Amino acid sequence: MSHLSRLAKPMATVCLALSLATFLTGPAAKADEATFQAFGGKAGLQSLMEDFMTNLLADPRTRPFFEKANQTRVKAQLVDQFCQALGGPCQYKGLDMKSAHQGLPSITREHFNALVEDLQDAMDKHKVPFSAQNKLLAELAPLHRDIEH
Amino acid sequence: MKSQLLIALLGGLMACSLPAVAASDIGAGGKLTATGGVTQLEGAAGGGLTPWALIGGYDTGDQIRPNAFYTRVQSGSYHLNAYGAMVGLYDRVELSFARQSFDTEDVGGLLGLGKGYTFNQNIVGAKVRVAGDAILDQDSWLPQIAVGLQYKHNDRGAVLRAIGARHDSGTDFYISATKLFLAQSLLVDGTVRFTKANQIGILGFGGKDDDYHVEPEGSVAYLLSRNFLVGAEYRKKPDNLAIAHEDDWYDLFVAWVPTKNVSLTLAFAPLGNIVIRDHQNAAYLSLQVGF
Chain A
1 MSHLSRLAKP
11 MATVCLALSL
21 ATFLTGPAAK
31 ADEATFQAFG
41 GKAGLQSLME
51 DFMTNLLADP
61 RTRPFFEKAN
71 QTRVKAQLVD
81 QFCQALGGPC
91 QYKGLDMKSA
101 HQGLPSITRE
111 HFNALVEDLQ
121 DAMDKHKVPF
131 SAQNKLLAEL
141 APLHRDIEH
Chain B
1 MKSQLLIALL
11 GGLMACSLPA
21 VAASDIGAGG
31 KLTATGGVTQ
41 LEGAAGGGLT
51 PWALIGGYDT
61 GDQIRPNAFY
71 TRVQSGSYHL
81 NAYGAMVGLY
91 DRVELSFARQ
101 SFDTEDVGGL
111 LGLGKGYTFN
121 QNIVGAKVRV
131 AGDAILDQDS
141 WLPQIAVGLQ
151 YKHNDRGAVL
161 RAIGARHDSG
171 TDFYISATKL
181 FLAQSLLVDG
191 TVRFTKANQI
201 GILGFGGKDD
211 DYHVEPEGSV
221 AYLLSRNFLV
231 GAEYRKKPDN
241 LAIAHEDDWY
251 DLFVAWVPTK
261 NVSLTLAFAP
271 LGNIVIRDHQ
281 NAAYLSLQVG
291 F
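Top to bottom, those sequences are chains A and B. Okay, so the first sequence: first residue is 1 according to our numbering, each after it adds one. Okay, so the second sequence: first residue is 1 according to our numbering, each after it adds one.
Isolated chain A (complex conformation) (with noise of 0.2 Å):
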């Protein structure tokens, strides 16, 4: 215990020194080659786009929003648009987000946070490591802001 004692206390501080080296490197620190890599490159996103989709139909929080839907050129966007954000060689060129979700019906906070849901149980059965899923999900989180209507 008295070993457990010493430790504590300097390990806390340590704990909260790197959370300061964090702030220093920013909120979003862009995502990068090894974590495009880590996704597989292209092959591997439009992979775990099929699983994505999958899951988003039989999802019943997301299927209304997607059962309608071009199933294979949500998912090729979808691709082009993970692609980009993670760094990758692709560029989005469907609508901007606000646009593309006006037709649909009300998106809430509980909607979204139910696709995330759905993306990460794809991406763990795809075996993409958690810290790389988080640098994607930094990336496409702030679009909440445009799908919420």
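Careful, some of the hints might be misleading.
One side only, chain A facing chain B, incomplete, derived with CB under 10 Å [said to hold, decoys possible]:
#1 Cys90
#2 Lys98
#3 Arg109
#4 Phe130
#5 Asn134
#6 Leu137
#7 Ala138
#8 Ala141
#9 Leu143
#10 Arg145
These aren't lab readings, by the way, just hints derived from the structure by calculation. As the structure is a prediction and not an experimental result, all values here were calculated from the model. By construction, the Cβ of each residue, glycine as well, lies at the ideal position given by its N, Cα and C atoms.
Got chain A; can you put chain B on it based on the hints?
Chain B in isolation, oriented as in the chain A frame:
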């Protein structure tokens, strides 16, 4: 002995306090899992020792989902049981209740209070989110900011006055700023508390002076996965009773969030001097269940 047993149960993990908000999965309700944090010692959503700006529970508007918690802290000479409930409303307001029982074990006998003499404290808490979204606003530096209060009433007024405390009840006020740095899988909280409490109120309120003391607190949690986070916390405390020194608190913790509705937090916390006993290294175990 009991604390050593607990530590052994932890499998040697230097876990400690309780915190947890693992932010990255999403809940059945409308929140990412663990984005409400775990329940801190006084009933608010937060880490183990300190409240966070996050609003607890998985409510997103349509449904209200209360959380219940039970926490046991065992040090060499004392133990504390705490239980309570909390509800989040519209991701805006959090209301909580907690009851703490601090058992003095043998020390109570040595002090003439009787072996196992127990101080009980009820805590009613409220928290309001005033700005920001700690989880989703990843393109902004703005943390989630909340203000809160904790009204505490201790049932041992006569003894508290005898040891030099001025009141058997008091209200802590705090402001918390919490940010998830998702790309780094790191959650950071800073809290400032305005308090008169001695040992968080277990030993009453006010002492050498009757002023509010401004005390910083902080938590850092690293998300290992959707189900595990580890971290550290610090809570500065007043040292305002003439009869006994009071130390600041630290903890190291591991939280396990197997599902969105359950979390288990283990912590190791060197609590320093408590009344007549120094080096109160404590094991902390907390269970939270959502409904």
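For each hint, the structure was consulted:
no.: 1; hint: Cys90; verdict: 20 Å, violated
no.: 2; hint: Lys98; verdict: 16 Å, violated
no.: 3; hint: Arg109; verdict: 5 Å, holds
no.: 4; hint: Phe130; verdict: 5 Å, holds
no.: 5; hint: Asn134; verdict: 5 Å, holds
no.: 6; hint: Leu137; verdict: 6 Å, holds
no.: 7; hint: Ala138; verdict: 4 Å, holds
no.: 8; hint: Ala141; verdict: 5 Å, holds
no.: 9; hint: Leu143; verdict: 9 Å, holds
no.: 10; hint: Arg145; verdict: 8 Å, holds
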